[in-house]
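Student: Spelled out, the chains give:
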Amino acid sequence: MDLKKLAKSATPKRLAAYLAGLPDLMQYGHGRKGPSETVRQEEHNGHRIVIRTIYDVQVDGTRVQLPLSVDNKGQVHCHSLPNYEFASAVDMIKTLIDNFPEDFALKKKPVKRSGAHSRHAKLKHRKGRK
Amino acid sequence: MAVTRKNIVTDTAVRDKFIQGVKLLKQETSGRTTTDFGISGPKQPVSTYDLFVVWHHRAMMTLTPPGNSAGRNAAHRGPVFCPWHRVMLLLLEQNLQRVLSDSTFGLPYWDWSADGDLPVSQQPTAPIWTTSYLGGEGNPVSTGPFAFHTTDPTSWRVRIAGNVSGNLISVNRGLRRTFAPSSFPSLPKTSHVKNALLLNPYDSSPWDAGTSGFRNRLEGWASEPTFAPPWLHNLVHVWIGGDMAPSTSPNDPVFYLNHCNVDRVWEKWLRTHGRVYVPNMTASTSLKGHRIDDPIVSPLGSNATPRQVLDVSTIYSYDTLP
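Protein chains in written order, with my numbering: chain A, 9 to 138; chain B, 1328 to 1649.
Pulled a few chain B residues facing chain A out of the computed Cβ check, cut under 8 Å: (1) TRP1382; (2) ASN1490; (3) PRO1626.
Covered by chain B, according to a simulated footprint, are these stretches of chain A (three or more residues, beta-carbon under 8 Å): (4) 15–24; (5) 42–50.
The set of hints was computed from the structure by calculation and includes no laboratory data.
All values reported here derive from a predicted model rather than from experimental measurement.
Every residue, glycine too, gets a C-beta built ideally from N, C-alpha and C.
Only chain B is shown next, with the shape it has when bound in the complex (with noise of 0.2 Å):
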């Protein structure tokens, strides 16, 4: 049966599974160890919830076709972006459902435009980052879930970032946020959404950071005329910065309620426009990894492609669409 995902600062009870969720998944060990990962530093456990971040930033590192200049990667930059998510947050979800041992959760969702339309000052204060729901910014992060405590090894703790060369390193320290840089002191709003989801077709050659369709103004690097990104999905990372500013990002929880949302607004899309993908299988083998039938980079193979997530009905559904 399909599950229901939900906006998680309206439905309490999902937003409580989930911080349960996540934390159970973060003290789960993956049997695995840093040193398995060619990650530096001190060796210690990978749990199943940094497995993730691990993949994240490896997709991320991976640039399609190697070496192009253009900075297309096997999750990013490209039209595999909104695909690739969406297998991500399926595989966080078969997890979190497996450690709540509720096979009807479905993951929430942060609808951020909605607190992108609130005046500037009260972004930062919104519900999402009240103590009840995330926490707020810091560093490290001092309120809410996963905030960190010195003397509670269980407290909520990056154990895997990456470095400004693009390696990952071990460390053990508190997460950490900052909220609302000077140069971009706004979420964005429901218009930028709206506006958004009329753009069509999804994507465009040259595939990349550079077009104009709808995958590359909700991914962010393309704006509305007047404005200069980052834009949707890139804005809010770099709105709350700090451990969402890297490429392991899913360090913060907050990321998958993001990525569930922007799953949402692709959602929308589809239903307007139609469950088509570009670009087919006749476009150059230089777009290996973003073309329909090509597998995307998960451990699923070739039986997770962007054609077969194109409709995920029978998984789950949301609530409302934007």
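One chain only, chain A, in its complex shape (with noise of 0.2 Å):
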């Protein structure tokens, strides 16, 4: 490798506007909305398989879009957290809950209040705006 070639590629400058300059992921496969869809494709004793799988996954009610894949062993890889794969997809999720905290903050449920005591504090609310 060429050490000038090296230095000159390695400016913050140089390192920015090749950054800036990479086309969209979408092309890549990531980024489409909707349910995450992967497929395997191989050859066996002249047959052609294709297998699409389709992960359609609610947390909380909430439609999760992830960038995953499924790969021939059946192991599910998800490419937000790149270091681990999963024989089951329940597992999967279960470690971005734990690794992705803000992404599935649990929403705090209203507190139920008692008629009379609700009652009395839209009153105060309105009597407030007024």
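Need the complex rebuilt from these two chains, each delivered in its own frame; the hints are there to steer you.
Tutor: Below you can see the structure in the form of structure tokens.
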């Protein structure tokens, strides 16, 4: 490797320009909306096998968009958590929940008030707005 | 003149320079903002250090070929794993030399297998995690040179993170580490590295995370028969956890110490088995980006291919090999 070319390419300006000019990730199979789809293809004794798997994952009622793939051994891999792969998609989602706490932050359930207190609070609020 | 890469645990001078260097790169603005890279969230300047975070993430999300079910991407889960990271480390090393004004500086490595030989209970308190080195675990990390201080904007901050959907987002928070998850309580051991070094060839068809060659054992998708993956490189990421887990793992400076050791293991393999690489250019075009003369996904374009980084002895060497 040419050290001069290496040094030239290593400048922040050159690296930043390179990164800013990279094409959209959509064309690499990531970033699509909707359920995650992965396609396995294999040849066997002259036969063409195509297995299309769709993962429509919901956590707490919300669909989760995941960049994932399933290889020919059946192992599930998510590029968001690149050093893991799983035999079980359920185990994968559990690990994702543990590693991305902000993305799965539990929404606080509204506190159920008693009828009298609730009416009082509502009236007080209206009064305050006047 | 070639620089020498040394063990960060045994060489305090190189340790101090590494810490100083990455902090300088973190404070150096690249002239770009998060919006230039399509990163959602509050617009903020992107440091030179964080350019490497973006680069790693983008390579990770670039499937080769597009949409392949094996999850092979421009830097992982395929043969180019070792060459791609060698180029990444070279570019970081060049930047460290520049900000340190020291052309003799060599990126240090962390021999995690030495810590893996310790009893499990001692691994989280090994010297590398003490305050003089990288600090310990936490959310945020609160000890050592990369500790988070709310009122000090120059303290180490994660500015670009990946979310669960694989998108980059603009953030402003401290570094996270959660050592030794219950499923993976130990780092890899010296014997695991030695056994990996016996494997030949470098890689084999179908060139993904299911092969039995050296690359796949080192990357960590394949383990020794009585164990389950993750192994070696992957296990180090998983064991450290926190910001070492997502595609933005270069947010933690220990990323470079891990990969420098991975590169050191590869260098030992090259010395033992010959400076060879597969697949060659007769392999299918579906392996574009992983063949010996394909450009590595980097700013060097065609000036960096796997073949061109098989012998880097004019640029650097290691003080000792495993």
